[in-house]
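> Listed here are the chains, written in short residue letters.
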Amino acid sequence: AQSVAQPEDQVNVAEGNPLTVKCTYSVSGNPYLFWYVQYPNRGLQFLLKYITGDNLVKGSYGFEAEFNKSQTSFHLKKPSALVSDSALYFCAVRPPWAGNNRKLIWGLGTSLAVNP
Amino acid sequence: DAGVIQSPRHEVTEMGQEVTLRCKPISGHDYLFWYRQTMMRGLELLIYFNNNVPIDDSGMPEDRFSAKMPNASFSTLKIQPSEPRDSAVYFCASTTGTQETQYFGPGTRLLVL
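First to last, the sequence lines map onto chains A and B. Residues in the first sequence are numbered from 1 upward in steps of one, following the working numbering. Residues in the second sequence are numbered from 1 upward in steps of one, following the working numbering.
Bear in mind the hints are in silico, worked out from the structure with no lab data behind them. Positions of the beta carbon are idealized from the N, C-alpha and C atoms, including for glycine.
Below, computed lysine to aspartate or glutamate pairings styled on EDC-like, alpha-carbon distance capped at 16 Å: (1) Lys103(A) to Glu44(B); (2) Lys103(A) to Asp57(B); (3) Lys78(B) to Asp57(B).
Stretch-level coverage of chain A by chain B, calculated; a stretch enters the list once three of its residues show a Cβ under 8 Å from a Cβ in chain B: (4) 42-52; (5) 95-102.
Looking at chain A on its own, in the form it has when it is part of the complex (with noise of 0.2 Å):
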């Protein structure tokens, strides 16, 4: 079965420390790849993805993530977290379904605490 896994329930990390949300994926053929953020009480917020070219994509915060297709991850990354960074991070799928199937797959989410 498809599926997204986020291993870590909850990252803890200093304020400017480099963070790492992990995200690794079982789904045949070459997926698109997204991150999502969501802050407390709110929707979820687009932050980047990978559909094809560069392993390394960029997306919004500073945030980026790397493609790394014989692992089958996409971490996502900072160099220097921010006290604002705290929130709950999804990682997302989307197979390469056929026809007009947009369905993703989701993982369940990793919760970031940063600490002044």
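With chain A held as given, fit chain B onto it using these hints.
The following block gives chain B in isolation, referenced to the frame of chain A:
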């Protein structure tokens, strides 16, 4: 653009009552998705539409749930009768077939007593 608009933002109702959630997608978007988020089950896709036609409703929990999209700018998700276990945050999202990125509304927080 105003983004995806959902109403109401909060709904408190009693078990057995009918609940209707509303969504206005971003203009020009031809895909619309309804999600439900709970602590226990995370983010679940309920149903999605393409050009106002339901494509996949396999996530709809049971017959108490129904969704419609009468035109490109409006969709409803109805729960009848509502039950306490339906308490959740319901999100609507939209996108285009080429853009792929889903844009989410602010959600409707539903509490069924």
